[in-house]
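Peer 1: Below, each chain spelled out in residue letters.
There are 2 protein chains.
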Amino acid sequence: MYVKGVNLGNWLVLEKWMSPALFDGTTAEDEYYLSSQLSKEVYEARIKIHRAEYITEGDFVRIKAMGLDTVRIPVPYFIFGDRPPFIGCIAELDKAFNWAERYGLQILIDLHTATDSQNGFDNGGISGVCKWSRQPDEVEFILNVLEHLAERYKDRAGLWGIEVLNEPILDNMWEMMDVPNRYPAADPEKAKGSGPNTMEFIRRFYLDAYDRIRKHLPEEKYIVIHDAFNLHAWKDFMREEKYKNVVLDTHQYLMFAEMDGCEQTARGYTRYIKEHYEDEIRKMQQYFPVICGEWCLFNSLAVGCDTRGGQSVLNGQEGMSSERISQDQKKEIYQAVAKAQLAAWRAGSGYFFWSYKLLTDTVNTPGWVGWDSWDFGRCMDLGWFPADN
Amino acid sequence: MYVKGVNLGNWLVLEKWMSPALFDGTTAEDEYYLSSQLSKEVYEARIKIHRAEYITEGDFVRIKAMGLDTVRIPVPYFIFGDRPPFIGCIAELDKAFNWAERYGLQILIDLHTATDSQNGFDNGGISGVCKWSRQPDEVEFILNVLEHLAERYKDRAGLWGIEVLNEPILDNMWEMMDVPNRYPAADPEKAKGSGPNTMEFIRRFYLDAYDRIRKHLPEEKYIVIHDAFNLHAWKDFMREEKYKNVVLDTHQYLMFAEMDGCEQTARGYTRYIKEHYEDEIRKMQQYFPVICGEWCLFNSLAVGCDTRGGQSVLNGQEGMSSERISQDQKKEIYQAVAKAQLAAWRAGSGYFFWSYKLLTDTVNTPGWVGWDSWDFGRCMDLGWFPADN
Chain G
4 MYVKGVNLGN
14 WLVLEKWMSP
24 ALFDGTTAED
34 EYYLSSQLSK
44 EVYEARIKIH
54 RAEYITEGDF
64 VRIKAMGLDT
74 VRIPVPYFIF
84 GDRPPFIGCI
94 AELDKAFNWA
104 ERYGLQILID
114 LHTATDSQNG
124 FDNGGISGVC
134 KWSRQPDEVE
144 FILNVLEHLA
154 ERYKDRAGLW
164 GIEVLNEPIL
174 DNMWEMMDVP
184 NRYPAADPEK
194 AKGSGPNTME
204 FIRRFYLDAY
214 DRIRKHLPEE
224 KYIVIHDAFN
234 LHAWKDFMRE
244 EKYKNVVLDT
254 HQYLMFAEMD
264 GCEQTARGYT
274 RYIKEHYEDE
284 IRKMQQYFPV
294 ICGEWCLFNS
304 LAVGCDTRGG
314 QSVLNGQEGM
324 SSERISQDQK
334 KEIYQAVAKA
344 QLAAWRAGSG
354 YFFWSYKLLT
364 DTVNTPGWVG
374 WDSWDFGRCM
384 DLGWFPADN
Chain C
4 MYVKGVNLGN
14 WLVLEKWMSP
24 ALFDGTTAED
34 EYYLSSQLSK
44 EVYEARIKIH
54 RAEYITEGDF
64 VRIKAMGLDT
74 VRIPVPYFIF
84 GDRPPFIGCI
94 AELDKAFNWA
104 ERYGLQILID
114 LHTATDSQNG
124 FDNGGISGVC
134 KWSRQPDEVE
144 FILNVLEHLA
154 ERYKDRAGLW
164 GIEVLNEPIL
174 DNMWEMMDVP
184 NRYPAADPEK
194 AKGSGPNTME
204 FIRRFYLDAY
214 DRIRKHLPEE
224 KYIVIHDAFN
234 LHAWKDFMRE
244 EKYKNVVLDT
254 HQYLMFAEMD
264 GCEQTARGYT
274 RYIKEHYEDE
284 IRKMQQYFPV
294 ICGEWCLFNS
304 LAVGCDTRGG
314 QSVLNGQEGM
324 SSERISQDQK
334 KEIYQAVAKA
344 QLAAWRAGSG
354 YFFWSYKLLT
364 DTVNTPGWVG
374 WDSWDFGRCM
384 DLGWFPADN
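So the protein lines, in turn, are chains G and C.
If you use our numbering, the first sequence corresponds to residues 4 to 392, in order.
If you use our numbering, the second sequence corresponds to residues 4 to 392, in order.
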């Protein structure tokens, strides 16, 4: 098994930096507050048009033509429409299955958010809040969502697998990202009691989720667990024979490498990728098939300034408004990090680029030069990605 | 001069069949009635998200990577935002110029609609109404819009030219399309007095428009006139030396060929293309550089049933809900008509495919099988288009 895919990020789970127009006229940094700052009618109109236009049949045709075989689709905890004011999106996922099956792709459903969040990131649905795991009713709610997803799609040829939960955070990443400052809570009262999850909780949750999903899901469909930003921590996990086709998902961004002290040169990046990503995936591949479920070409060198761990205008960083390095240099850097990363994933069982597309405008909005390297389509069209991926 | 391009149809001038979600919950067939059936806030929300998501920076990157050099951008008469409740879109066109210049493309601005319409088509902005040319104030208004566009973009490297007005209709096409029945007016009162334009009016308007635009526009930028569906009617037009770089635009769809009796076989289509399109363009090319500003691969044979001149579910036709012919046969038909049409345009000065993309869902909505052949991206990705275009 080797999977080559892209994420359909920002389709059903919003990220402001990827489609800023959705947030126009509000101070919201995430979907939680977007819904509270717009009238019900306007919120609904924006979300529905976004969902109808951002990803469509033609995108599945294109992804197939790009030589990929699978898409990872982040979905929110309110996918079934039972948590107003948020709007369900199971109809969109149904359509995606029809498109995937028509054009020969498969889908990894990725539960990307949980009520009150599992990580406090903006992409967790509510910035600066992280207390889902402290609410047993909500943990049960999430297990139910997973079970319903498994029931609904279990027999679909288009189902590759289900990822239990995206990026539940532990204390190491909570500190490295400095979550309370990088993603300040809009309502400090609401954020009270937030903090990283415990490893004990995550393990228990993964075991429960496996049972609840596998009850419905045929053995050949994958159940994916995220490494909680600790790739090595799973050597003694799910060793029992009953666990079948469990895939370990690790997310590797060069911005994390930079925060870890990786030198901001092409040589620095490629060495880090080889010595860390490739080496560590190879080791863990003895225990689980390992995929890199999120990565991209973004790095500070190609941006032209130190982004201090991938911080953007939205984090109050100035960014670059004009190109500092030539297009040729840029291409050279991106091709080098693309090649090195693709080689690293080869030590495991595959990858999903983050993300298939983003609407971020590097030309008309100041500070975003270099952020197109998160956009798979642009990376392909600009020649930054090796044809043989 | 040879131009290879696509239309950015349905971005700033809506067509319901190309993005049905915008019209959800209404009975509107066009933007005129869409605005009247939605609250101001919801209309604005839908339009703004559509404009922000349908065409973005990445699309300009992709169009360049597809080997094209120019985009034709249909714009509405209310582009400057001076005709409420319709929402201006000059900011979007400004952005498009920045993207085009950044990625090495040029823009043909195409004034696609006029107040109370110049053709009565849905894509003229208001179905079944055609009485713009009878209102001198509105004719003057349109001339002013053209002049303002010329003034605003005259010095832009990204400007290829300005098309005076899309598809003003004469009596032959009015009858062939049976406009009052194919595009029934939502409000018969409003449609009263509608009918085809006269040739005399169109010629006068083109001469006036040329003067008003050229006053600002450098001589090397093109001024484009549509043939009003009468390619031969312009041999004695604008022969005076003062008219510089005027391009004649003809729109050729196989659905018109079918209405003209063209046999619905691959051989029938390619013969018709050669004997009519290619031959007629070659003749007119002695008088003007001729472009085919709209065409596509759509034809009844590949759909699997007679579409009676390109009528869809929206015209009350049933259409096809499952594939009747194999993917290989389809590919063969599309490649044949693509090749023949590209050869025909070579007798002239270039082409713009209609359209770059459409959101029409052939998988999840009944009756739309075959309509993906209007989508340049899908045609490319599905291998229906020769790589050497």
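Treat the hints as calculated values from the structure; they're not laboratory data.
Glycine included, each C-beta is placed from N, C-alpha and C at the ideal position.
A couple of the hints might just be wrong.
[Claimed, not checked] Calculated lysine-lysine pairs in the DSS-like style (CA-CA distance at most 30 Å, straight line):
1) G:Lys134 / G:Lys218
2) G:Lys247 / G:Lys218
3) G:Lys51 / C:Lys51
4) G:Lys67 / C:Lys157
5) G:Lys342 / C:Lys67
6) G:Lys67 / C:Lys134
7) G:Lys67 / G:Lys245
8) G:Lys67 / G:Lys195
9) C:Lys286 / C:Lys195
10) C:Lys43 / G:Lys51
11) G:Lys342 / G:Lys277
12) G:Lys51 / G:Lys157
13) G:Lys134 / G:Lys67
14) C:Lys193 / C:Lys7
15) G:Lys334 / C:Lys67
16) C:Lys134 / C:Lys67
17) C:Lys238 / G:Lys7
18) G:Lys193 / G:Lys247
19) G:Lys67 / C:Lys67
20) C:Lys134 / G:Lys43
21) C:Lys342 / G:Lys67
22) G:Lys7 / G:Lys195
23) C:Lys193 / G:Lys7
24) C:Lys67 / G:Lys43
25) G:Lys134 / G:Lys51
26) C:Lys193 / C:Lys218
27) G:Lys157 / G:Lys218
28) G:Lys334 / C:Lys7
[Stated by the list, open to error] What follows is a set of in silico ranges between Cβ atoms, one per label pair, in the way DEER data are often shown:
29) C:Asn184 / G:Lys342: 56 to 64 Å
30) G:Asn175 / C:Arg327: 57 to 65 Å
31) C:Glu192 / G:Asp27: 32 to 40 Å
32) G:Ala236 / C:Asp331: 44 to 52 Å
33) C:Lys334 / G:Lys7: 48 to 56 Å
34) C:Ser39 / G:Ala68: 56 to 64 Å
[Unchecked claim] Covered by chain C, per the in silico footprint, the following chain G stretches (three or more residues, Cβ under 8 Å):
35) 4-16
36) 78-90
37) 184-192
38) 209-223
39) 310-324
Peer 1: Look at each hint and say if it fits the structure.
Peer 2: Outcome of the hint check:
1. G:Lys134 / G:Lys218: Given that 30 Å is the threshold and the Cα spacing comes to 28 Å, the pair holds.
2. G:Lys247 / G:Lys218: 12 Å, holds
3. G:Lys51 / C:Lys51: Given pair Lys51 (chain G), Lys51 (chain C) holds - Cα atoms ~12 Å apart, limit 30 Å.
4. G:Lys67 / C:Lys157: Violated. Lys67 (chain G) to Lys157 (chain C) sits at ~41 Å, over the 30 Å cutoff.
5. G:Lys342 / C:Lys67: 24 Å, holds
6. G:Lys67 / C:Lys134: This hinted pair is violated, its Cα atoms lying about 47 Å apart.
7. G:Lys67 / G:Lys245: Measuring from Cα to Cα gives roughly 34 Å; hence the hint is violated.
8. G:Lys67 / G:Lys195: Distance of about 45 Å is beyond 30 Å: violated.
9. C:Lys286 / C:Lys195: 39 Å, violated
10. C:Lys43 / G:Lys51: Holds. Lys43 (chain C) to Lys51 (chain G) sits at ~17 Å (cutoff 30 Å).
11. G:Lys342 / G:Lys277: 11 Å, holds
12. G:Lys51 / G:Lys157: 27 Å, holds
13. G:Lys134 / G:Lys67: 39 Å, violated
14. C:Lys193 / C:Lys7: 39 Å, violated
15. G:Lys334 / C:Lys67: 16 Å, holds
16. C:Lys134 / C:Lys67: Violated, at roughly 39 Å.
17. C:Lys238 / G:Lys7: Violated - the C-alpha atoms of Lys7 (chain G) and Lys238 (chain C) are around 57 Å apart, more than 30 Å.
18. G:Lys193 / G:Lys247: 39 Å, violated
19. G:Lys67 / C:Lys67: 20 Å, holds
20. C:Lys134 / G:Lys43: Measuring from Cα to Cα gives roughly 39 Å; hence the hint is violated.
21. C:Lys342 / G:Lys67: Distance of about 24 Å is within 30 Å: holds.
22. G:Lys7 / G:Lys195: 40 Å, violated
23. C:Lys193 / G:Lys7: 56 Å, violated
24. C:Lys67 / G:Lys43: Violated - the C-alpha atoms of Lys43 (chain G) and Lys67 (chain C) are around 40 Å apart, more than 30 Å.
25. G:Lys134 / G:Lys51: Holds: Lys134 (chain G) and Lys51 (chain G) sit about 29 Å apart, inside 30 Å.
26. C:Lys193 / C:Lys218: Since the Cα atoms of Lys193 (chain C) and Lys218 (chain C) sit roughly 35 Å apart, the hinted pair is violated (cutoff 30 Å).
27. G:Lys157 / G:Lys218: It holds: about 10 Å lies between the C-alpha atoms, which stays within 30 Å.
28. G:Lys334 / C:Lys7: 26 Å, holds
29. C:Asn184 / G:Lys342: 56 to 64 Å: Holds, since Asn184 (chain C) and Lys342 (chain G) (Cβ atoms, about 60 Å apart) stay within the stated range.
30. G:Asn175 / C:Arg327: 57 to 65 Å: Taking Cβ atoms as reference, Asn175 (chain G) and Arg327 (chain C) lie about 58 Å apart, which means the hint holds.
31. C:Glu192 / G:Asp27: 32 to 40 Å: With a Cβ separation near 37 Å, Glu192 (chain C) and Asp27 (chain G) satisfy 32 to 40 Å, so the hint holds.
32. G:Ala236 / C:Asp331: 44 to 52 Å: For Asp331 (chain C) against Ala236 (chain G), whose Cβ atoms are near 51 Å apart, the range 44 to 52 Å holds.
33. C:Lys334 / G:Lys7: 48 to 56 Å: Cβ of Lys334 (chain C) to Cβ of Lys7 (chain G): about 24 Å, so the range 48 to 56 Å is violated.
34. C:Ser39 / G:Ala68: 56 to 64 Å: About 41 Å separates the Cβ atoms of Ser39 (chain C) and Ala68 (chain G), which means 56 to 64 Å is violated.
35. 4-16: violated (count 0)
36. 78-90: Since three or more residues must qualify, the claim that chain C covers the segment 78-90 of chain G is violated, with 0 doing so at under 8 Å.
37. 184-192: violated (count 0)
38. 209-223: violated (count 0)
39. 310-324: violated (count 0)
Checked against the numbered hints given earlier, this structure breaks hints 4, 6, 7, 8, 9, 13, 14, 16, 17, 18, 20, 22, 23, 24, 26, 33, 34, 35, 36, 37, 38, 39; the rest are met.
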